[in-house]
Amino acid sequence: MIVDSAVYKGGQRVSVDCHVHDYGKLRAAAAEQDGFVWLGLYQPSEHELSEVAEAFGLHDLAVEDAFKAHQRPKLELYGDSLFLVLKTLWYVDEDDAVETGEINMFVGHDFVITVRHGRGSQLQTARKYLEDTANVLTHGPSAVVYAVCDTVVDAYLEVVEDLQEDVDEVEASVFSNERTKDSARIYTLKREIAEVRRAVLPLREPMRRFSSGLVPGVDADAAPFYRDVVDHLTQAAEVVDTLDTLLSGAFDAHLASISVQQNDDMRKISAGAAIVVVPTLIAGVYGMNFEHMPELAWQYGYAFALLLMFGSSGVLFWFFKRSGWL
Amino acid sequence: MIVDSAVYKGGQRVSVDCHVHDYGKLRAAAAEQDGFVWLGLYQPSEHELSEVAEAFGLHDLAVEDAFKAHQRPKLELYGDSLFLVLKTLWYVDEDDAVETGEINMFVGHDFVITVRHGRGSQLQTARKYLEDTANVLTHGPSAVVYAVCDTVVDAYLEVVEDLQEDVDEVEASVFSNERTKDSARIYTLKREIAEVRRAVLPLREPMRRFSSGLVPGVDADAAPFYRDVVDHLTQAAEVVDTLDTLLSGAFDAHLASISVQQNDDMRKISAGAAIVVVPTLIAGVYGMNFEHMPELAWQYGYAFALLLMFGSSGVLFWFFKRSGWL
Amino acid sequence: MIVDSAVYKGGQRVSVDCHVHDYGKLRAAAAEQDGFVWLGLYQPSEHELSEVAEAFGLHDLAVEDAFKAHQRPKLELYGDSLFLVLKTLWYVDEDDAVETGEINMFVGHDFVITVRHGRGSQLQTARKYLEDTANVLTHGPSAVVYAVCDTVVDAYLEVVEDLQEDVDEVEASVFSNERTKDSARIYTLKREIAEVRRAVLPLREPMRRFSSGLVPGVDADAAPFYRDVVDHLTQAAEVVDTLDTLLSGAFDAHLASISVQQNDDMRKISAGAAIVVVPTLIAGVYGMNFEHMPELAWQYGYAFALLLMFGSSGVLFWFFKRSGWL
Amino acid sequence: MIVDSAVYKGGQRVSVDCHVHDYGKLRAAAAEQDGFVWLGLYQPSEHELSEVAEAFGLHDLAVEDAFKAHQRPKLELYGDSLFLVLKTLWYVDEDDAVETGEINMFVGHDFVITVRHGRGSQLQTARKYLEDTANVLTHGPSAVVYAVCDTVVDAYLEVVEDLQEDVDEVEASVFSNERTKDSARIYTLKREIAEVRRAVLPLREPMRRFSSGLVPGVDADAAPFYRDVVDHLTQAAEVVDTLDTLLSGAFDAHLASISVQQNDDMRKISAGAAIVVVPTLIAGVYGMNFEHMPELAWQYGYAFALLLMFGSSGVLFWFFKRSGWL
Amino acid sequence: MIVDSAVYKGGQRVSVDCHVHDYGKLRAAAAEQDGFVWLGLYQPSEHELSEVAEAFGLHDLAVEDAFKAHQRPKLELYGDSLFLVLKTLWYVDEDDAVETGEINMFVGHDFVITVRHGRGSQLQTARKYLEDTANVLTHGPSAVVYAVCDTVVDAYLEVVEDLQEDVDEVEASVFSNERTKDSARIYTLKREIAEVRRAVLPLREPMRRFSSGLVPGVDADAAPFYRDVVDHLTQAAEVVDTLDTLLSGAFDAHLASISVQQNDDMRKISAGAAIVVVPTLIAGVYGMNFEHMPELAWQYGYAFALLLMFGSSGVLFWFFKRSGWL
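Protein chains in written order, with the working numbering: chain A, 176 to 501; chain B, 176 to 501; chain C, 176 to 501; chain D, 176 to 501; chain E, 176 to 501.
Treat the hints with care, since some could be wrong.
The list treats identical chains as interchangeable, and a pair is accepted whether it falls inside one copy or across any two copies.
[To be verified] Distance condition first, Cα-Cα at most 20 Å in a straight line; then the derived DMTMM-like pairs of lysine to aspartate or glutamate: (1) Lys249 <-> Asp325; (2) Lys356 <-> Asp440; (3) Lys356 <-> Asp271; (4) Lys243 <-> Asp337; (5) Lys249 <-> Asp329; (6) Lys243 <-> Asp329; (7) Lys243 <-> Glu413; (8) Lys243 <-> Glu333; (9) Lys249 <-> Glu380.
Because the hints were derived from the structure by calculation, they are not lab data.
Just chain A, same shape as in the assembly:
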């Protein structure tokens, strides 16, 4: 599906009078005016993509990757055009889950083609930001690359923040006095952290190459901007590592608290048992059939026995209460 398609020149969107699928005309119009085309596709069919590939001379391997999706983040150079794969992440509040999409970018000197997979991470924000800031957009296709990377990586930081909140909740739950089933929660969070890591870590290498100014077609002036992106990636990676470590710690604490709980329960149970078992012994004693048992004949023998029972139970109760078993 074609989401948007436009020609930009000198930082401005220019209108081209042709059908949205007439890629050749679009490209010609851009070339004429020394501008560039930005074509935005969303989960394109194989046919759509191959038409685009032909019109812009994209490399077969890259087109296949962009169609299949499920690539790892990478930057590939084919002659003088770039192919960049980014993972997109977004946090779904209702499920407390991180979801993953993918953006593939083909970049030449007169075109940018963005192929997006997955629900989240619209590129409208990036396009809008660029159309609003002509002085950035003037830099041509490499401005688009920067804007997209920046948008995607900012979303990583948001996701990481959401995860941080989840970890805080788990932490609170682990150290609460209630019986909680935190291990499933911790496991899920660890799984999501692994997903974030697989989006974030491999992207650092391409961004570093951009920031070193050695990628052809990317302005050396843009280096500090890409260094900023690298910084955000590193920050996301570091926080995510810390969260992982904290979750491991929280899990350990959870295990310890299960053990402590079991120990507490065992002592509570034993104390309860003692309170019942001792009067049972007393009852047993006065159930013996000896002929000479003076208490049996007492007027208040029965009351005495009951008193003894309640008394012993009471003493035990007080004793266990004091020593913290009950």
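Assemble chains B, C, D and E onto chain A, guided by the hints.
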């Protein structure tokens, strides 16, 4: 055993009129037409292999390796010929197990010899793909190297996907409410992951060397294709690492659930015991032999005692039910 | 908020007759006398910061970072001016907690601007030290950079020492004979250690760059001083790593002690039960209704039975005491 | 003790007419014929070694190392002579244990001195192989170095295979249904794996230096042979790493199985207790002394009570059997 | 405190007629004779140290480090003089503990100043060795550096050996059949191993720099000797790593043995309970008040009941004994 043996020239299979074991003639035919021989062997005998080695001038150490199998993946250069070892992996559905084979390749400017060990991973697919795509096959022996590596590595990704499903099943089982014996399953999966890792990781170095275009006899044009293979290897390695981490997490959760289970059982048992022990105490009380126990003479004393017993049991049952012990 | 603002020349603070917000005049005064301005800001408003940025020609990205704070430690070069981010750490005794602030420094050949976030880590100490040691201050802005880094890193070492004490306490508590709830404490300490690590580790790279003498505008003479800072950072990192390992060890020991405790409790409980259950059996025996039970008719049968009960309990008590169960 | 001492020339052992301790004459004889001496020592006395050292001009530090043994594997160059330390490993079947020895080699252009410590790993195999393969032996001292390294490293692979079997046994034991004490076994294996690792890992560096052809006095032609040795070392290291990981996994599974076992036992015990406690309650009921208890007067009251007891026990037994507690 | 102070020339100690604190004169005497001063200080006061610093022109930062101690091992070059920090370790038998000291060395072309902190690790040994071996001492200050480093590192190896014995003891204790409290012991050992590691690891870098012959003022001839020191350091580091791994393994085994122990205890307790509970049930049966209970009227009914009780207990005892519960 010779599986297939053919001479290729200009991307076409050409027929050579000679016996399948007449390696010298085959090679001469290839040399004559500026083509190359592709000889496919399957678990050859020492004798077969030494004949081949002599005809194509293979290095002794490499021949020994190819005969013994059980090498780690590697790329070795002997003069102007290559020796490449690949591990093949395939997933056996009925056993939920990963099995391992090995492919050894000898590559010269006018020959490719593939020696295959282990049931799976036929090379027919690769041969068929090449015979169908003449423009790739034109590149000579190095096209065969690429096709074989690509086939083998694609199989890794499939195996990894199967393992991912297994991990999902284990996960579901661990977090189910049933009593499961997941630790054996987790152990087996970890063992298989170790096997995959030993096939995947050492192969990255040879593939990187291919993709850098520095291996003599391998076209520099082929670099993006080998980079693609490296990408797939890296992806396989990353997924497998993640699976390993998830399994460790699942095992921890399994341990925690055993502990929680034990705690639940202990409380259930204790509650059950209490329900029996309290009426036993009551019975003990009315079994005492005091002369003056008014209840004993009551008309409905017995019924009263039974009621007391059932009543106390009922109260306890309700109490434990409410507090979640039963 | 502007905390302090001054012009320094030849190691001396010189008074400039202008309003504190008249940055242009300040800078001109400094330039005139071949000195430099040191402007200290504390959590400035966006407006304040943008005025300063304009007056001193600061880079947009750096200004945004300095306003937002929550950056990781880094050194960024924009043309001939530096941007340095430092995390500040301080230990709050009442909470046994480590808190984090941030210092951002903009350094040009004629100015230093320090932007501080967070309660702790005043820079007065650094300013005072410099004003008192003219021969250091003579080196201009790079002297300020050194003084601030040194102050901040010295504070790291103090924090690390405080954590070391906390770890010692946890250790003592784990190996005491009391029932302690150390896992929450250990978790909190691990969390704080992670925070310290995130302040310390990324700072090593910038400091190494300073000590290599390759950062423009920083005297090569200052190298040994920065090497000293690097040494302190490395020391902090090493101690913190050791503490982390020790805490993991302490946690393991804590887990072991919970298990041992549970075992001890279980044996104690069982011994207690035995002491009650055996006399109950004896009582049961003499509660049997056989017609011919000689003891029942004995004059001192009852006393004999009680003696038997107490005796058996006593023997059991002694036995369990001796074997360490009670 | 001198084990063997011989002069080799052009791949042949030549007889020299002199006493075995007359090192000078031996060396002269070798020099005369452009051959080399191979002197094999086994745990030599300090005196023996110092005589040899003098005759061949060995470096003091190396001689001290060779006498003391307990060095880590290393390659040291003293002028134009080499000093190589190798750890030897062998598996003692009766103890299921790995034992360690050491070989020190001094190599000059006209001599090889091998100093062996520890029972296993005779060098006869290497000497015999060389004497049988004149075309290898022709390469002089460096042929001996290769033969010894190859022999030693092949022994590593055998040891690793034996360990692999041990790990398989432990695995089978852990996942058997019997109560096993595997943790001691696992610990011992881990200890042995650590020993193997300390022999294998540091040897890779010297072997890589040999295979790079940069060590003076070692033929560049020998590079593929040393690469083969490096491959075997890497393989040993990888397998040993995998074994270590598997053992950790097996230990975890062992821990889990102890917990599961305890849980099973606890439930079995509780079920058993229930089967006894319920009839005890029934007996208690009919031991009550109420005047009006109709059952007491029944003709078959006793039988009825016994039936009730057995019945309740039976029902409980069936119930627990069905729910898997017994 | 000045421990010793002497002038050496051509490998001999020469007597200088001046007061021990007259550093200027000492240095002049050394310079005159082309020798060098070796000044040994032990925990000097700030005043002492500053006098020395002035006389020999030591760098302020180094002097501060040497006074404060608690530095990490490092090598610092100030102009043409060296500053070296070493940690000293020694094992205190009575406490089974490793203690740490520090040696700071200032080395110029005509002086060596050693500043020692902490009880152990006297430098007399080094001084004596040098005075006895003139041919080493001839090399001037760099001979002293070597001798001190060698002495210190040899002491590391001894400490490591002592720790190895401790680990062996812990191991024996963990796998003994007694109830042991090994976790505290393991923790302490781990703590000491961390201390050793912090002394050993950072020292490798300086020693490697010495052995590379690139440190000004250190003879290139000395390289093999420093390589020997590096080897010993690496050996210490490797052994210590192995010990750490073994301790972790021992701890795991300890945990497992606690669990097994608890399981054994639980079964023992349950078996004991069964032996008491079953006769209690029998007593309960014969305590029932049915009118028609034939056994009650038997002559030997009581004996029969007792026999039944003892019999059932005996059978249970035998049964539990056979199945390993008792």
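Evaluated hints:
no.: 1; hint: Lys249 <-> Asp325; result: both (16 Å within a copy, 19 Å between copies)
no.: 2; hint: Lys356 <-> Asp440; result: both (17 Å within a copy, 16 Å between copies)
no.: 3; hint: Lys356 <-> Asp271; result: within (16 Å within a copy, 29 Å between copies)
no.: 4; hint: Lys243 <-> Asp337; result: between (29 Å within a copy, 18 Å between copies)
no.: 5; hint: Lys249 <-> Asp329; result: both (18 Å within a copy, 19 Å between copies)
no.: 6; hint: Lys243 <-> Asp329; result: between (25 Å within a copy, 14 Å between copies)
no.: 7; hint: Lys243 <-> Glu413; result: between (30 Å within a copy, 18 Å between copies)
no.: 8; hint: Lys243 <-> Glu333; result: between (27 Å within a copy, 15 Å between copies)
no.: 9; hint: Lys249 <-> Glu380; result: both (8 Å within a copy, 18 Å between copies)
Every hint from the earlier list agrees with this structure, and none is contradicted.
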